[in-house]
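Asks: This is what each chain is made of:
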Amino acid sequence: SAVISQKPSRDICQRGTSLTIQCQVDSQVTMMFWYRQQPGQSLTLIATANQGSEATYESGFVIDKFPISRPNLTFSTLTVSNMSPEDSSIYLCSVQLGHEQYFGPGTRLTVT
Amino acid sequence: DAKTTQPPSMDCAEGRAANLPCNHSTISGNEYVYWYRQIHSQGPQYIIHGLKNNETNEMASLIITEDRKSSTLILPHATLRDTAVYYCIVRVLSRGFNTDKLIFGTGTRLQVFP
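Chains A and B, in that order, give the protein sequences.
Under the working numbering, the first residue of the first sequence is numbered 724, with each subsequent residue one higher.
Under the working numbering, the first residue of the second sequence is numbered 22, with each subsequent residue one higher.
Treat each hint with caution, since some may be false.
Computed Cβ-Cβ distance ranges for the label pairs, DEER-style [to be verified]: (1) A:GLY739 x B:ALA38: 29 to 37 Å; (2) B:TYR53 x A:PRO762: 42 to 50 Å; (3) A:ARG733 x B:PHE134: 39 to 47 Å; (4) A:PRO808 x B:SER49: 35 to 43 Å; (5) B:THR47 x A:GLN761: 21 to 29 Å; (6) A:PRO762 x B:ILE95: 29 to 37 Å; (7) B:ASN74 x A:GLU823: 14 to 22 Å; (8) B:GLY50 x A:THR802: 36 to 44 Å; (9) B:ILE95 x A:THR767: 23 to 31 Å; (10) B:THR77 x A:PRO808: 41 to 49 Å; (11) B:PRO28 x A:VAL726: 31 to 39 Å.
Read the hints as simulated data drawn from the structure, not as lab findings.
Since this is a predicted model, take the numbers as computed values, not measurements.
Where a beta carbon is used, it is the ideal one built from N, C-alpha and C, also for glycine.
Sequences are here, hints too, so could you generate the full structure?
Replies: This is the structure:
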């Protein structure tokens, strides 16, 4: 199994600013994923981040808005840039180990 | 990509079996059926997965029809702590990089009542 931690657990940010979310895993993993969960909604995949390569973004998400870093096999960051109230969501990090995908506790972001 | 259809909500009495259905009529032969659940304010939790055969673990049983177009997750003795949103997901391969990703649908909100 994998234990995933995220920082911060929650934040309240001003419109137009940026926030970087950190994801730390207790195992070395090749694939990491970032999801967004808007209030009352299901999870939406933002991007897949493999160590040593550029992140692959899903339709509707772009690197300028959600830049991702993946410096090693246990760590990744997601930045939410130039935030607006529509970015208020829970952002979740996830990793693949074998046949299972594990999720972090999420970062609850509120943009005012 | 194959998609799934689930009822938006279900109720179940505590101690009874909860049977959660899922339709995945366009599933491909090598795609697995996965079930996750999300308890309020937590990250999703893996429950079980299967390809063709029925599967059982300490949490649940998964029944997949012979044509693989639908499946049922069974919680044999539901408790109040099983109240959650349950997601049925068909696993896909993305962009030829041989990476698998989970695409979540809307799920079923299961309410277990005393």
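Asks: If a hint holds in the structure, say so; if it doesn't, say that too.
Replies: Hints and how they fare:
1. In this structure the hint that A:GLY739 and B:ALA38 lie 29 to 37 Å apart at CB is violated, the actual value being about 51 Å.
2. The hinted range of 42 to 50 Å is not satisfied by B:TYR53 and A:PRO762, whose Cβ atoms lie roughly 30 Å apart.
3. The hint said 39 to 47 Å for the Cβ distance between A:ARG733 and B:PHE134, and at roughly 30 Å that hint is violated.
4. Taken as a hint, the range 35 to 43 Å holds for the pair A:PRO808 and B:SER49, whose Cβ atoms sit roughly 39 Å apart.
5. Between B:THR47 and A:GLN761, the C-beta spacing of about 26 Å keeps the proposed range 21 to 29 Å intact.
6. For the hinted restraint 29 to 37 Å between A:PRO762 and B:ILE95, the CB-CB distance of approximately 31 Å keeps it satisfied.
7. The given range of 14 to 22 Å is respected by B:ASN74 and A:GLU823, whose C-beta atoms sit roughly 18 Å from each other.
8. Separation of B:GLY50 from A:THR802 is about 39 Å and conforms to the stated range, judged on CB atoms against 36 to 44 Å.
9. A hinted range of 23 to 31 Å for the beta carbons of B:ILE95 and A:THR767 is consistent with their spacing of about 28 Å.
10. In this structure the hint that B:THR77 and A:PRO808 lie 41 to 49 Å apart at CB holds, the actual value being about 45 Å.
11. Between B:PRO28 and A:VAL726 the beta carbons are some 33 Å apart, a value that agrees with the proposed interval 31 to 39 Å.
In the structure shown, a violation is registered for the earlier hints numbered 1, 2 and 3, in ascending order.
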